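Going down the list, the sequences are from chains A and B.
Under the numbering used here, the first residue of the first sequence is numbered 1, with each subsequent residue one higher.
Under the numbering used here, the first residue of the second sequence is numbered 194, with each subsequent residue one higher.
If you're looking for bench data, these hints aren't it; they were derived computationally from the structure.
Be careful, since some hints might not be right.
Claimed, not checked - Lysine to any residue pairs mimicking SDA-like chemistry, simulated, CA-CA at most 25 Å apart:
1) Lys-232(B) x Ser-33(A)
2) Lys-209(B) x Lys-19(A)
3) Lys-19(A) x Leu-8(A)
4) Lys-19(A) x Gly-233(B)
5) Lys-220(B) x Glu-163(A)
6) Lys-19(A) x Asn-89(A)
7) Lys-175(A) x Arg-206(B)
8) Lys-232(B) x Lys-178(A)
9) Lys-178(A) x Glu-163(A)
Since we're looking at a predicted model, the values are computed, not measured.
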Amino acid sequence: MIDEMPDLCDAELVARSQKGDASAFEAIYDRHSSGVARTLSSFAGPDRDAIDDLTQDVFLRVISGLAAYRPNRPFTHWLYTIVLNIGRNHARMRSRTVAVDPLEFDSIPCAPASIGEWSEDIVADTLTRLVAALPEDMREVVSLRAGSGMAYGEIAQVLGIPEGTARSRMHNAVKLLKQRIDMHDCRRRKHEG
Amino acid sequence: MKDDYDDERDIERMLKDAQVGPSERVKRSVLDGYARAFKGERVVEKRIGMLRRPIPLYLFLLSMITVAGLSFYSAEQMFRPPAGFAPLQESVQGQDSTAAESLTWTAAQRDLL
Chain A
1 MIDEMPDLCD AELVARSQKG DASAFEAIYD RHSSGVARTL SSFAGPDRDA
51 IDDLTQDVFL RVISGLAAYR PNRPFTHWLY TIVLNIGRNH ARMRSRTVAV
101 DPLEFDSIPC APASIGEWSE DIVADTLTRL VAALPEDMRE VVSLRAGSGM
151 AYGEIAQVLG IPEGTARSRM HNAVKLLKQR IDMHDCRRRK HEG
Chain B
194 MKDDYDDERD IERMLKDAQV GPSERVKRSV LDGYARAFKG ERVVEKRIGM
244 LRRPIPLYLF LLSMITVAGL SFYSAEQMFR PPAGFAPLQE SVQGQDSTAA
294 ESLTWTAAQR DLL
């Protein structure tokens, strides 16, 4: 039964899930859980336990809102609105308890000339930490773009902003990430020499 | 020559490669929640990650200090005379002849020793 589910679109899977079809809901989970977790990692950093908890929260909220969901809005927009709300709440709570300074992370290696060269030097979780420390408006665009693979037009719809704003936030986020790596590099060199 | 657009794509690619899929326990918990919801049962959130998280050291130390403090307090309360209870000699003098005699007897015994 579940074998035929991957061919169905989100709207059909949701309609079946609303009628109590567990395999349809499982297919929704399988299709979206990785993207949801990746998006949430931009809010939670590389803490896998927190990502698990937040992913669970998202899908439990989907379950409780499933009966009220109407297909006049794409399912992914609804899903990622929930993801953003849960991510924002978590980030707010985290900022009250933990002061995050991305430049303090010792795991960030010496900055190369271009981000493209990071792949060998910078592990993914370092980048996740840096993204988690971005200002909220930039972090949301980066997390949706990289986590869900949404186009800028869709990101703009989910966030309720113009598409150009989404693009410029992404551009600014990348610039800021590069700056932070460079600052860390400067600090490191001073420390070493 | 690389430009900002290449950097954007690199960041997206690396975040996608981060492989932060949720654990299998999350899936089981979510599907269990779905089944419960359709049976009309309340969906209880079991914090999957929280269960695996070790108790932080500071919480452990804080609880130890609290337990030690409470033990000391209760031991002190156990051996302290009740509030408003005056020293025995003052309270019995001229009021209770039996107690006064007993005190005198104790004093005499002390003299003998």
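Q. Is it true that the CA of Lys-19(A) sits at most 25 Å from the CA of Asn-89(A)?
A. violated (31 Å)
Can you confirm whether the C-alpha distance between Lys-19(A) and Gly-233(B) stays at or below 25 Å? holds (13 Å)
Holds or violated: are the alpha carbons of Lys-19(A) and Leu-8(A) at most 25 Å from each other? At roughly 16 Å apart (the allowed maximum being 25 Å), Leu-8(A) and Lys-19(A) satisfy the hint.
Note to self: Would the hint linking Lys-220(B) and Glu-163(A) be met if the CA-CA limit is 25 Å?
What the structure shows: violated (34 Å)
Check whether the Cα positions of Lys-232(B) and Ser-33(A) lie no farther apart than 25 Å. holds (24 Å)
Check: Between Lys-178(A) and Glu-163(A), is the straight-line Cα distance small enough, at 25 Å or below?
Finding: Satisfied, since the Cα-Cα distance of roughly 23 Å is no more than 25 Å.
_With the threshold set at 25 Å, check whether the alpha-carbon distance from Lys-232(B) to Lys-178(A) stays at or below it._
Status violated; Cα separation ~51 Å.
Would the pair Lys-175(A) and Arg-206(B) pass a check requiring their Cα atoms to be no farther apart than 25 Å?
holds (16 Å)
**Message:** Does Lys-19(A) sit within 25 Å of Lys-209(B), going by the straight-line distance between their CA atoms?
**Reply:** Violated, at about 33 Å.
Violated hints, in rising order: 2, 5, 6 and 8; the structure is consistent with all others.
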